[in-house]
Every structure is written in structure tokens, then in C-alpha cells.
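> Keeping the supplied structure of chain A fixed, place chain B upon it in accordance with the hints.
Protein chains in written order, with my numbering: chain A, 735 to 961; chain B, 147 to 268.
These are computed hints drawn from the structure, not numbers from a lab.
Far from chain B by the CB rule (all over 10 Å, computed), these chain A residues:
id	residue
1	D737
2	N746
3	E761
4	T840
5	L870
6	R892
7	N918
These stretches of chain A come out as covered by chain B in the derived footprint (C-beta under 8 Å, 3 or more residues):
id	segment
8	784-791
9	796-808
Ranges between beta-carbon positions, derived for each pair:
id	chain 1	residue 1	chain 2	residue 2	range
10	A	G904	B	L193	49 to 59 Å
11	A	T811	B	M220	49 to 59 Å
12	A	P858	B	I148	55 to 65 Å
13	B	I154	A	G841	48 to 58 Å
14	A	P858	B	V183	55 to 65 Å
15	A	P858	B	L214	53 to 63 Å
16	B	H234	A	R941	17 to 27 Å
17	B	R178	A	L946	34 to 44 Å
18	B	L193	A	Q901	47 to 57 Å
19	B	G159	A	N793	32 to 42 Å
20	A	N793	B	H203	52 to 62 Å
21	A	Q901	B	L155	26 to 36 Å
22	B	V219	A	T811	47 to 57 Å
Built from N, CA and C at the ideal position, the CB exists for glycine as well.
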Amino acid sequence: MDDVCVIVPAFNERATVGATVASLRSEFSHVVCVDDGSVDGTGDLARAAGATVLRHVVNEGQGAALQTGFEYVLRRTAYAYVVTFDADGQHHVADAVRMVRRARETGADVVLASRFRGSTENMPWSRGALLRAGVLFTRLTAGLDVTDTHNGLRVLSRTALTRIRLQLPGMAYASELLNAIRPNDLAYVEEPVTVSYTDYSRGKGQRNSNSLNILYDLLLGKIRATR
Amino acid sequence: MIIKILLILGALGFGVLILRDSMPSHHQLLRRAIGLVVVFLGILAVLFPDSTNTVAHAVGVSRGADLLFYTSVMVFLYNAVSASQRMHRLEQQIAVLTRELAITRAEDPDPTDVERPEHPRS
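Chain B extracted, bound-state conformation:
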């Protein structure tokens, strides 16, 4: 059952990525290459529908459609994890920006107001 090993390794991989907070993002070239390969394989699968069955049998899955489903789950997980990490980085950047803005625009107390603190303006 090659597929079981592959899927379990994949799931564990995503678990590690969630904990580590760092996609290997510098491998941009690798990601692009994988993307192009996926496109190429997709076209092949459309042209030769039975080929997915052949590959599925080779890794121990009964139907090609099931193999495609497993693959898309993995791709979905990859996207989910990388999106949440990008979001996390953005949040940290926004926190830094918010802080800089707050410090730059610090508002000192209005000396004429100090003696009457209990009158909210509305």
C-alpha cells in the first residue's frame, strides 16, 4: 500500500509545517516547476483518461478518480497552510505598522483639559 505511506507522510508533513510556521518559501523555482508539471499531467489525464487508473493501480489505489481525490486533498491542505502562514506574517507586519503609527502620532494631554477629566465629549 504505497498510497497509505504517501498520504500519512503528507499529513504529517502538514502538521510539522503548521507548528513550524515557515513554508520553505524560498524554493520558488521548485514550486513553479511543480505547478507546470501538474498542468502537464492534467492535460495528459484529460487526453488519456485511463492513464490515471494505471497510475492508481501502481500505488495501490483501486480507481484513478480516487487517486485524483487524494491528490486534491493534499493540494488543498498545502494551500490552506500556506495561506494561513502568509496571513500570520501579514498580521505581524500590520502590528508593527500600527505601533509605528501610534508612536509617531503620540497625542500629549491637552493642558487645558487636565483639570476636568470627568466630562466626556459627545
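Isolated chain A (complex conformation):
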């Protein structure tokens, strides 16, 4: 796919980033890895696997890393679509390909991946419950009819990139992105996907308790935005 750029934010993912980039390169001509201040050589591995590497000299968080990728695409390239894809190997490249096709067919600006419409492999039940609570929260606050709100796999059109600006810290950016859809009149669809939980992704991923921090950042961001 020649008019698509895949953005892989990565922070200390040396165990998986090489394989992730390599598998993406089999379908996508341009993969951009945003190395978010890794100290384990993640950026070099991604570059060796065929990715363009953007290096954050200090760790800024996943939202900031994605925003860096977005601005790179807008300023340096002419790609029509961007795919965001986690570096830890929990997504499947075939899902990403199908989502890009869906974006073209429907003309949607945003294609969101849903593990709850699709399937999960080895997801802990507590994570499932928490994610569903997050979905409920997002339905209420963002006004979107979605079933999965914290999935790192997304397709965004160039139009969407120009209208979304991620600024919140930590993992609150996921909701920040969704909250930008309605006010900016972006058309969105959801595509069922599979998310594979491995020991690695579980160890590397978010703690459930971090959801309270996300909630705090979101509410604070909302109050400050409405001023």
C-alpha cells in the first residue's frame, strides 16, 4: 500500500519492535517508528527492520509520540492514510490492511479497531471489565457509538490528522483522540480485530489502576478546554 504510512510508537520494545516492523513492511511501503526515548536500542532495531525512525530524545508518552508521527506525515509526506500500530506485537497486520481497505470503501476519516466486536486471545478478565467501563465512559462523554476505546490500532485519513492534536499526558490521549471526532465532523467506522495478549504485552502494558490517572487527566483537560 503506497499511500499509507504506518506509525509505530515504541518505548523500550527491543524484544518485539523488529518483528513488528518487519511484518508491517511486508504489506506497507512506509513504516515510521517513533522511538520515545528508549534506552535499549529500540530505534536502531526498528531502522534495521526497515522503518524510518523519529527519535524523541526524552520520553514523552505515547500520545506525544503519535502526534510526532502525525506531524511528520503532514509536513514531510503526502500520504492519504495513517495507521497507528502498537510495537508490542498484540496487533495483526492483516487487520490493519483490512481497516485501510474499509477506510477507502466507506470514505471514513477514522477507522477504529474493536476487540469486542472481534476477538481477544488470552485477555485477563479484569482488563476486559476495565476496558468496558472505559467504553461506557467514552460513549457518554464523546458521544460515539463505539465498542472499544483503548485500542492502539487505528486508521486515520489525512483530513483527520489535520484536525486532531494530541496533548494529554499518559494514556489519556486515546480518549482525547476519540473526543476530537464528533466536534470535527470526522466520519468513523469500527472494524472487528483480534488483539493477542502475551506474557510480554501483559508485562509491558498498562496497570489497571492507571485508569484513575487517565480519568483525572481527562477531566482536567475537559475543564481547561471549556474555559
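For chain B alone, coordinates are given in the frame of chain A:
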């Protein structure tokens, strides 16, 4: 109890400042003036120790020392809030700088390396 009203208003004020993320920072002249007044009052309080008691009684506090304590709590809160907001602004500026640096120094893949992705250099 004038002091209760003052302290509660002060605490609420700080709560609002935390949520709004903006100290009225453009009132630099006002801040400097307040700082000088505080210095002046401090010297007066040293020269006339009983004067703090008089002021304390006037606002409904029993001892001058207590009034000084309440005042310093408020000053401390002001400093804490303004410092955290300055920090927040700095973090945002660093994020922008980091992004610019990353985009400016984008490293395209090394074409000779592309075919052998699974060999980490160490």
C-alpha cells in the same frame, strides 16, 4: 469570624487556579507590589511584635503567631500552584522541542539493512 471567610475563599481560589491552569501571570506589577508590601509589613512586625496580635484580633484570630501561620500556609499554596503550572508549561515546551528535533533528524531506513531485520547490534 472574618479569618474563616478569608481562609475558605483563599483555599477555593487555589482550587480554581489548579483547574484553570493559568495564574494571572500578566499582573507582574501587582505581584511585585504585593511582595514589597509583605517585606514592609514583615519589618513592622519585627519592630512591633504586638502589632500582629492587634491585627489578629481584628480578623478574629486569637494570637498573632496563628495569623502568621495561616498567612504562610496561603503563601506556600500560592507558590506550590504557580510552580506546578510553570512546570506544566515547561513540559509542553519540551514536548514541542522534542518533536521538532525528532522530525528534523528523521532517520530513513538503511537500505542495506532492510533484508535482515532480526539481527540486533550489540
